[in-house]
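With the hints as constraints, model all of the structure from the sequences given.
Chains as they are written, first to last, in our numbering: chain L, 1 to 313; chain S, 314 to 685; chain F, 686 to 1058.
Note that these hints are calculated values from the structure, not bench results. Just so you know, even glycine gets a beta-carbon here, dropped at the ideal spot from N, CA and C. Among the clues, some could well be false.
[To be verified] A short, non-exhaustive set of chain F residues, derived as facing chain S with CB atoms under 7 Å:
#1 693
#2 727
#3 817
#4 997
#5 998
#6 1000
#7 1002
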Amino acid sequence: MSATAVTVRDLTRRFGAFVAVDHVSFDVEPGTIFGFLGSNGAGKSTTIRMLCGLLRPSSGSALVGGIDVTRDPEAVKRRIGYMSQKFSLYELLTVEENLTFFGGLYGLDDEQLARRKPFAIHMAGLDGRERTLTRDLAGGWRQRLALGCSILHEPRILFLDEPTGGVDPVSRREFWILINSLASTGVTVFVTTHYLDEAEHCHRLALMHAGRIATMGTVAELKRAFTNRVVFEVRTNAPMESLRALDGLASVEKTSLFGTALHVWMKPGERETAPLANRLAERGLSAESFEVVEPSLEDVFMDVVERQEGAAS
Amino acid sequence: MRKALAVGLKEFRQIARDTRTLLILLFVPAFFLLLYGYALNWDIRHVRLAVLDRDHSTDSRQLISAFVNSTFFDRVADVSSMADVESLMDRDRIRAALVIPENMSRDVRSGRQAAVQIILSGDNANTATAVFGYAQAIVRGVSAALQIEMASGRLAPPPLSADARIWFNPELKSTLFLVPGLIGFIVMISCVVSTSLSIVREKERGTWEQVRMAPINTVSYVVGKTIPYFVVSYASALFIIFAAMFLFGMPMRGSWSALLAALSLYVVGALGTGLLVSTLVDSQALAFLVSLLVSLLPTMILSGFVFPISSMPVPIQMISLIVPARYFLVVLRGIVLKGADAAMYVQQFGALALYAATVLGLASLRLARERG
Amino acid sequence: MRRLLFLIRKEIQELRRNPRMFPVLFIAPVIQLGILGYAATTDVRNVPVVVADGDRSPASRELVGRFEASRYFSVIDVVSTTSGVDQDLMRGRAWLVLAIPPGYGRMTEAGTPVGLQVLADGSDSNSTTVALAYASTLIAEKAAELAVARSPARIAPIGSIEARIRVWFNPELSSRHFMVPGVLALLLMVITTVLGAMAIVREKELGTLEQLNVTPLRRWELTVGKLLPFGIIGMIDVLLVVAVAALWFEIPLRGSLPLLLGLSMIYLVCTLSLGLFVSTVSQTQQQAMMTAVFFFMMPMLYLSGFIFPIENMPAVIQPFTYLIPLRYYLVIVRGIFLKGVGLEAFWKDALMMTACGVAVLSLATMRSRKTLR
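And the structure:
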């Protein structure tokens, strides 16, 4: 296996005139969890499909596990596991039957099946429910079964496309525990998600917007990229009016609502709260507190998107 | 009513999105009507006949003339032995042979019964049956004529004769009969096929919950679901009829309003059939299978399209009573070929209306139960 | 190879868990054959006739009685005038109207020639022609009877000509014997084409196809894996309908049963592959259904020689019928049932059918891609 598990250079996919994935490049280190973030339609699923050999790239290259996926997609498929966004196991089969089926497709012989099936069942927490029809499993359990089916053949690289879509937060947490445990055994996990809180679990992140990678790095790096700017969380009794009041201030870059509070992004170098308090007082408003907060991933993401759109227009 | 329209609009958007299906539904049926109308006919003409005349009498020649003058047979060979007949049959050069024995004339005029042999190729039993009937009729006709001649003299006119008049289709072109039947068939299949997946698709895709929860009563829902398919299928049916008339020459001797009314009832019934099937099954594959089994062969075979209903055994005739195409064909042929108007077909209109109401009613009942 | 077995096992598991399929797959065809086998007859029987008897004499009633007694006719009404009979013809209530003029009895008694009027609804040209032929025969024979009755006894006795009709290649000339094997072939076509058409596209629609495409499963394994279980279902259907044909309709199976089964297998491969091909070119099951019905099943129904003889078709259309596997299967089925012949008679058809099957199967396999372009 090469130094990186996945190497992508200028990967592009067009559907007619529409460019779904636009010259995307990145590397994924082995044994890490790489997160692909973006809103719906950003191009995440298309990218994953190309890396799995399900979709042919229009141009560009991708090496998965050292194999050129455009030249030999079938060889790639033998070595990877894939969990699709849409649930894609057989509803009419039992838990065990689905596992046996996919295990058989990956060429596991009887001995291997006997070893891996219980492992997968246990990992998914489905002990005792082997005979349950897949159709009768609740949401979170289905995802875990799908994960189990994708690791039967002990792949070194896993591609998970929105694996926690539509699942309750508790199940989501438990799912991520599973992903982490897999990564700790050296498996490279490539995950797409549009849940920003999940992104915190990833070693590295790429933010995708409109087919392009807007920004990439570890979570800390991404947040640090904005630390030359201060973000104040301001609690007032009149959020909307306060927002309007502060918006035009010279030292303020932008404002946004954050729950019931305000997030005020100061321009680079500005960190005084006095001008803010004064402006509020002018309007007859007051603030309970000014607190410096770390920009949340959501802030970062929104900012990135805005800047990209700004650049595009 | 507004809610029904809302359902209808949503369904219509879904239909419009699947361009290929929409195009197929609208235009392909008309295309195939033209194809089949052009390709298919049933006329028994030019049956290749060989004649083996061992009698060589005036009477035998009269018999042969009767065969030749009928519109069915073409005399293509005169042979002198059975071996010739066999060889020609085997090579498919002839499909029929008339073998007149020696002394036929003498036997008949002596009061005996002479037997002529007619050999038919049973290769195509459909046409062979008809040819069998014609051959029989010709021989018996000549026999009777001879008897009259022997009894009353050559020049005497027969005591009884039949003057046949053929109404509505004097040239007896089989396409005039087939085309309305084709119309009925194609319209039925198109309609059933378009609605039979509509409800089941929601079950399979998992959007069924939304249907169950929707704040709309079941009848309105059924009506709403049917409307867009009605629009598309009706348009398609009109294309078929226009194609038949303008590109194919099917006449229109009756009233348009009667035709359109019958068409509406028929289309609603057919759509309802598909809908009913959709409520009874839980997978699209099954819906497809059941709807075809229920519509394809029965409409082809039990509706009077190709096989006359009166010839079927009575229990089967009873079964054909629930095939809506049966009634539609009577009305369609009546209006188009015979110039009849709606008043003549009260029974058929009633049957069509009853069928439509029944299937839609059953579908609603079934749906209401499933919605809880 | 092992993967194939896993796939087949999965298909069987899915089928077993879909219990509503069984009556549709196995019982419905039997019932359909039972009904349609009786219905599909070109024999003309019970033609509805209305008699306008303007005479109402014992003589005219005797004539009407002949029509009543004939199995070709069914006298539904005897009225006294011809007014109103046009309505009957228009309504389709009667196909034939026989008008006996007033004075019929008197005139035939006296030896005066009488002309009867026969009005026929020409819309069903074939049935009308046959019905007219029967009617005129009946009338001609009555005429001959009248003439013979009046002839002086001293003239030489009067004979008659009788037709002895022999039918080669299909001695019983049972329309049923001809049609039942045809209905059999058609039922098989409908069922297997549907199964094939839904097979792959269903997984496409539900999303499981993508999961299959990401595994090492090969394309031919997918195609064959879908084909085999449905092929088995098809063969069971073949056995069932052949049993119905032979035991219920008592159509003699003159030829070899193993040959019939073997060639049926090839036929099933043809129809299943056609369905699979449709499956690979469709995105949704609805599309697959439309495509299969309009572009494959209907043409097969009409252009295969099932009802409408191919030789009657315009020359420009006939070459296309060579592409229809049902055409060959019909020849084979009818041949084995009715004529008792074997491969020597229809080896060309068998070969063409096999070629069809191989071609379509390859096409279906090639079209199913694991990596979308």
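Restraint: residue 997/F near chain S, CB-CB cut 7 Å. Satisfied or not? 6 Å, holds
Checking hints one by one. Is residue 817/F an interface residue toward chain S, by the C-beta closer than 7 Å rule? Cβ of residue 817/F sits 6 Å from chain S, so the hint holds.
Should the interface hint for residue 1002/F be scored as holding, given a Cβ-Cβ cut-off of 7 Å against chain S? With a minimum Cβ separation of about 5 Å from chain S (threshold 7 Å), the hint on residue 1002/F holds.
Identify whether the interface hint at residue 998/F stands, where standing means a beta carbon of chain S within less than 7 Å of its own. 5 Å, holds
Grab the minimum C-beta distance from residue 693/F to chain S and call the hint holds if it beats 7 Å, violated otherwise. Violated - the Cβ of residue 693/F stays beyond 7 Å from chain S, reaching only about 18 Å at its closest.
Should the hint that residue 1000/F touches chain S count as held when the rule is a Cβ pair under 7 Å? Nearest chain S Cβ about 11 Å off; hint violated.
Let's test the interface hint: is any C-beta of chain S closer than 7 Å to that of residue 727/F? This hint holds: residue 727/F lies near chain S, its Cβ roughly 5 Å from the closest one there, short of 7 Å.
The structure fails to meet hints 1, 6 from the earlier list, while all remaining hints are met.
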